[in-house]
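So the sequence lines, in the order shown, correspond to chains D and F. Heads up: the first sequence begins at 1 in the working numbering, then just goes up one per residue. Heads up: the second sequence begins at 1 in the working numbering, then just goes up one per residue.
Simulated from the structure, these hints should not be mistaken for lab results. Cβ coordinates follow ideal geometry from the N, Cα and C atoms, glycine included. Keep in mind that the hints are not guaranteed to be accurate.
[To be verified] Between beta-carbon pairs, the in silico distance windows are:
#1 D:Asp38 / F:Ser142: 30 to 40 Å
#2 D:Lys148 / F:Lys124: 31 to 41 Å
#3 D:Gly297 / F:Ser142: 47 to 57 Å
#4 F:Lys336 / D:Asp38: 38 to 48 Å
#5 D:Ile100 / F:Asn173: 37 to 47 Å
#6 F:His159 / D:Val90: 35 to 45 Å
#7 F:Leu538 / D:Ser80: 52 to 62 Å
#8 F:Ser142 / D:Arg292: 42 to 52 Å
[As the list claims (entries may be wrong)] Residues from chain D that keep clear of chain F, each with C-beta distances beyond 12 Å, as calculated:
#9 Leu18
#10 Asp28
#11 Glu55
#12 Ile73
#13 Ile100
#14 Pro101
#15 Ser107
#16 Gln111
#17 Arg130
#18 Arg175
#19 Ile233
#20 Pro252
[What the hints assert, rightly or not] With a straight-line Cα cutoff of 20 Å, these simulated SDA-like cross-link-like pairs (lysine to any residue) come out:
#21 F:Lys460 / F:His473
#22 F:Lys170 / D:Phe262
#23 F:Lys444 / D:Ala88
#24 D:Lys260 / F:Val21
#25 D:Lys178 / F:Ala145
#26 F:Lys170 / D:Glu32
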Amino acid sequence: MMRGFSYVTMTTMPSPSLVGNLWQQRMDGLREYEVVRDGNVFRTSFTNNFLYTSEYEQARQQLGAFREKYDGIPLSRIFSGKEKSTEAGVCFHISNNSEIPLPVFDSERYQQDLLTDLTLVKGIGEATCRRLKARGYVQISDLIHHPKYRSHAYQIMEQLNLNNSLQIMDCVGNRHAKSHPLILGAAGLHEPEDFVFLDIETMGLFSRPIILFGVGVVAHSRFFVHQYLVRDIEEELPALLATLDHLSDGNPGLVTFNGKSFDFPYFTDRLAYYGISQHNRIPHFDVLHFSRRRWKGRYPSLRLSALEEEILGVSRQGDIPGQMVPEFYEDYLRTRNCGPLVPIIEHNRQDVVSLARLFFFLLGETYGC
Amino acid sequence: MAVEDLLRLFQTNPIYRSRIVYTGISEPESPIYGSLDQPLCNELSLYLETNGIRLYSHQCEAINLLRSGNNVIITTPTASGKTLAFNIPVFECLALDPESRALYLYPTKALTNDQYATLHRMEKNSGIHILPAIYDGDTPQSKRAAIRENARIILSNPHELHHVLSWHPKWSNLFSNLQYIVMDEAHRYRGVFGSHIALLLRRLLRICHHYGSSPRFVLSTATIANPDEFSMRLTGQTFKQVNEDGSPHSRKYFVLFNPFFDGRCERSMHQETKDLMLSSIRSDLQTLCFTGSRKMAELVTLWTREDASRISAQLADSIATYRAGYLPEDRRKIEKQLKDGILKGVVSTNALELGIDIGSLDVVIMSGYPGTMMSTRQQAGRSGRNGRESLAILVASSNPLDQYFMHHPDQFFSRSHEHAIVNTENPYIVSGHLLCAAAELPLKDSDSVFFGDLFPELRKDLESHCLIRNTTHGGVYAGRGRAVELVRLDGMVGETFRVVCNGQVIETLDRGQAYREAHKGAVMLHQGEQYLVREMDLEMHSIKVVQSDVDYYTQPLKEVTLEIIGMQETRIVDGVTFGYGDVEVTEQYTGYKIKRKDSTIGFEQLSLPPLTFRTKAIRIVPSDTLMKKVTADPDLDPAGGLHGAEHAIIALMPFYVMCDRWDIGGLSSPAYGETGEPVIFVYDACEGGIGLCEKAFTMLPEIFSRAFKLVSDCCCESGCPSCIHSPKCGNDNQPLDKQATALILDWLQNLKFMQDPEDPDFQKHAIPAYSGN
């Protein structure tokens, strides 16, 4: 192939990056939430992800305010954190701790409820359970002598005797809704230090980087929130590994709010994106499910922010809506002004704290002494 | 009554005889059986034996090649048993390795469903545990997880695959164990759509590589001129070809019928078609007629029934239209009635996907050349039942290509000239898929093996706009929105317009198409139906249309200007300059003509903004000597000559590269730009170019010689729709000078193009050699 030479021509254009421009233009108008006119309640039923105009405007104003306030101030002066080292590099680690009331778990009552729930045995429904109880089969172990149910009962007993929360949750989950008290109660098989409270902030609803990992753990009777911040996309993998670390030792119990649908699959997807497979099953307590069972119909909204106000009496100042997090973060990435990160980090920290408190509250209500 | 009786009628009836240009006969063929290098496993041998199947030569060839680890492209005709040729090696592989899996991709749901039924049957009858499953938009949520885990043959389509790739962790079973990727009807993956699919397949292979598998490809296509090039471009792999058909055929007749045999057509093409239809049905032959539009299908049916009713009511009732709007039950009814002989004749549109169950008939009439030899063969292939003789008739329209074939029947029956074009170097297409790839796995330098030469530059460009962020772990997608939602497999970057009728979106068009075909007041065709455009909202990107049934059509007028960015290739032969390279085209639609048949009955203005895009073009600058010859004769118009040559070249390009007339644009002038040189430009009408002019540039000598024949053969006086008039000329076919055109084309075809022995395509194409400057 021979190179020709540029003929004639009116103007020889330089080769601009037309392609990049085009895609950026396509994306500029995109948002993953809809901005809806205030009071337009009908519109909101069509989409879960919406913001009222007033909320949106307010958030935009806040963005400007945060930028102004923190202009030129480096991150280390705003948050006391340090670099966390992992196999794949570093990320920024911010840590806080606070008090936390812990319930005393009524282990006996839980065991009793488990062992007397005959419907855990395959083939036994509510009606059959009542009949069997009337005939003296009070506990699952009694069914070992029953001609029809002996083998299934034996299976269940084996599973329950392992005293392993995952096995018990599977067992109960096969026969009951995932919000059933016996599932929540399985948390009692863990020490408070085992729980890992997780809440993530992302750049979007799907297939974009996670930018902040909020991990709560109980230690020395205090509640610690470890936040792993992604200061640059380079730090996403290190932050993923730092978080994964919390889930790797001992007998972890994962606790989230809507994490079964969002946070945990998102987390494992991002690990897989970097070529790390996470196949270990970790017992997962999703507080959204337990909250729904407990408070559905009582409050108009069952979002974490609503429940924390009603149940825990927390009201946040200067908080930004979750949907705006990607925009705030993008602004930070572009300008390197750390202002927009402030509300994101605070929002996340409060989420983790409320998540833990709500969880222990529900556990205490269900199986507290 | 047999086909021979109808043919005798054609010979004895003077009206028919005068119009029949040629009758081609292909003699019956007995089957050629083949042998396998190694015997099949027991279950499959038993399966074939039980069903009385002996493998043909091409099936054995395909099986042998696939077993040896090759990628294979099978180009034997439909109904030659291609499906079995790839199902057998896949079944065998799955039987031997319990973990292995296969992916079957189909362009339409109907085909996917048919193949699923076939696989299911084969599984049951052979006893080999396959677990085929369809995974597409219709698959219920509850079944999806189980299919991902367990199904061993996944049937899907490209659009679903496009989305599935970003969920690859959930598909690790499939990608770790993928042995075969089977793509049927693969010739559909050409042009803009094909180029997207090519990039999609690269993303798929990249993910397979990540999970450690290296699947083999099986492509099944119709006959194309460039199977090696096509398969390589589509998948990035080398293939072995299987093209010798061993299946049996009975005698087939093919008649070329030209209503324009005397240069005019006194009766309309519809009427000529109707007559043929009626004669065929009266000869008691099951007949299928294909037409260009639903309107025409209805007219032909109406008139055939009218004439038939004069003979008997029963005959009239045996004719029906096969329509897109029918519910599946209605279509099944028609198919059954045809099978049972209650219906003798069915008229359909080209655009309609005929179900497999329509079966075969005795006679197929094609009213107007369907546009490609491939479609022609597929439509003609519908005739031929159970070892009986069959007949296909092509009724020519006034279009240049139709008429060209009527004058050169040998070209019609020769080997395929049609190249299926796939272009993996359009930066707009490639960049979109890079964004998707970055969202699937971090981009690494080593990914250039998948994405080609453009990869480094495009990646840098996307990174500079922060759509991808570079990290030590690779390039990570960080744009807004999901990458796969931004990239449409059948479009270009840029906004799309929605065409809405009665509140429903019936089609989406990109800006260029929208301005051209769906401007306010335009009469547009969609799937054979006619619509009138009521309004176009540029801001909202929506076009409101209503169904219409008017007897006029519209033709847009546009002004084109073009700037050369840089010519990549330049050759000079005898003073004539040939160039290929980048240009920037600006098209502006200024108004449209309202026409009935060939006369203009009105004109309206349009106020649309200009469209500017960069693309690839061929540039031809005639030598001074040539132009002197033209200007020497006062009766010849240089502008008209260049313009006519431009039209002739564009009219012939579909002969070589499978595309629509709309896919190519042109511009000519006796004194263009600052230098005032005479020039003809032909360009790809899509942003970034799609490979059409790139291919045509390597075939210019052939194109010129055929273009000259096209013009000189035409018995019109000064130009007509059969030679140099273009239905899409933005200048309203002005100025045109047939004699000047003939002179120019004659000169061009006689240039001494020397063959360049250095060129790898030396054997295939004559290429203008560099000889100057």
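So which hints don't hold here, by number, going up? Violated: hints 3, 4, 8, 9, 10, 19, 24, 26.
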